[in-house]
Amino acid sequence: MAARIWPLVKLATKVTIAGGAVYVACDSGLLGNSEQGSEALEKAKAAVPPALEEWMKYFGLEAQRPTMPRIEFSPVNSWNAGVRWTISSLSDAPTRVSEYTSQGLQYIKDLVK
Amino acid sequence: MSEKELGKKWDRCLADGVTKLGTGLGLGIVFSVLFFKRRTWPITLFSGAGLGMAYSNCQNDLRSHYLLHRRKKQEQ
Chain V
48 MAARIWPLVK LATKVTIAGG AVYVACDSGL LGNSEQGSEA LEKAKAAVPP ALEEWMKYFG
108 LEAQRPTMPR IEFSPVNSWN AGVRWTISSL SDAPTRVSEY TSQGLQYIKD LVK
Chain F
158 MSEKELGKKW DRCLADGVTK LGTGLGLGIV FSVLFFKRRT WPITLFSGAG LGMAYSNCQN
218 DLRSHYLLHR RKKQEQ
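Residue numbers (this note's numbering), protein chains in the order written: chain V, 48 to 160; chain F, 158 to 233.
Simulated from the structure, these hints should not be mistaken for lab results.
Do not take every clue at face value.
Stretches of chain F that chain V covers, calculated by requiring three or more beta carbons in the stretch to come under 8 Å of a beta carbon on chain V [said to hold, decoys possible]: (1) 160-173; (2) 193-206; (3) 211-225.
Distance condition first, Cα-Cα at most 25 Å in a straight line; then the derived DSS-like pairs of lysine-lysine [what the hints assert, rightly or not]: (4) F:LYS165 x V:LYS57; (5) V:LYS104 x V:LYS90; (6) V:LYS92 x V:LYS104; (7) V:LYS90 x F:LYS165; (8) V:LYS92 x F:LYS165.
C-beta atoms are modelled at their ideal positions from N, C-alpha and C, and glycine is treated no differently.
Kindly produce the complete structure, drawing on both the sequences and the hints.
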């Protein structure tokens with residue numbers, strides 16, 4: 048009797064766990080529209096440091112936690128600065144090339160003299 | 158659509174993509190462990206589905222500015 052029921056119980060437990068995971072995902076807005084998804088990400092980001100601190104306290108690793116260095120780096124600003132530099136170099140390139148060419152020719156003329 | 162608004166939409170798209178990819182990955186792992194004997198394909202399937210949902214949301218979000226909404230049409 049127990050041998051027949053056990054597989055059913057196992058299946059029911061698995062279905063409950065999987066169903067619960069899907070329900071939690073849907074209920075918390077993880078599978079909703081863009082706004083709900085970005086809100087869920089902000090909530091998760093806000094919840095990580097306190098949760099991490101609590102776990103550290105629980106394991107007695109408080110003193111060992113290294114402080115996160117604040118990295119003041121913006122990829123967007125770096126990219127934009129790179130684009131501006133490239134375009135300004137390209138616009139100056141003909142003038143500079145002609146300058147360097149004339150300087151080079153003058154140098155060769157002086158050498159030949 | 159102003160550039161600021163467009164930038165916010167793209168930020169939302171990326172955040173949503175990360176969220177849905179993570180959710181798909183998590184659910185894929187759960188289903189893989191529980192039902193499919195720790196095979197890889199459910200993880201790939203669910204992650205892909207999450208990415209697809211994020212893509213669809215992003216597409217709707219970016220197009221919504223150009224759609225004539227029914228309420229405005231009724232007001233007119």
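For this session: Assess, step by step, whether the Cα of LYS165 of chain F is no farther than 25 Å from the Cα of LYS57 of chain V, and give holds or violated.
Result: 47 Å, violated
Exercise. Are there three or more residues in the segment 211-225 of chain F whose C-beta lies within less than 8 Å of some C-beta in chain V?
Worked result: Check passed, 5 qualifying residues.
Problem set entry | Proposed proximity, LYS104 of chain V with LYS92 of chain V (alpha carbon, max 25 Å) | 20 Å, holds
Exercise. Does the alpha-carbon distance linking LYS104 of chain V and LYS90 of chain V stay inside the 25 Å limit?
Worked result: Holds, at about 22 Å.
Problem set entry | Check of the segment 160-173 of chain F against chain V for coverage (Cβ-Cβ below 8 Å, three residues minimum) | Coverage by chain V holds for the segment 160-173 of chain F (6 residues, Cβ < 8 Å).
Exercise. Going straight from one Cα to the other, do LYS92 of chain V and LYS165 of chain F come out at no more than 25 Å?
Worked result: 18 Å, holds
Problem set entry | Pair hint LYS90 of chain V and LYS165 of chain F, alpha-carbon separation not exceeding 25 Å | 18 Å, holds
Exercise. The segment 193-206 of chain F covered by chain V? Criterion: 3 or more residues, Cβ-Cβ distance below 8 Å.
Worked result: violated (count 0)
The structure does not agree with the numbered hints 2 and 4 stated previously, though it agrees with the rest.
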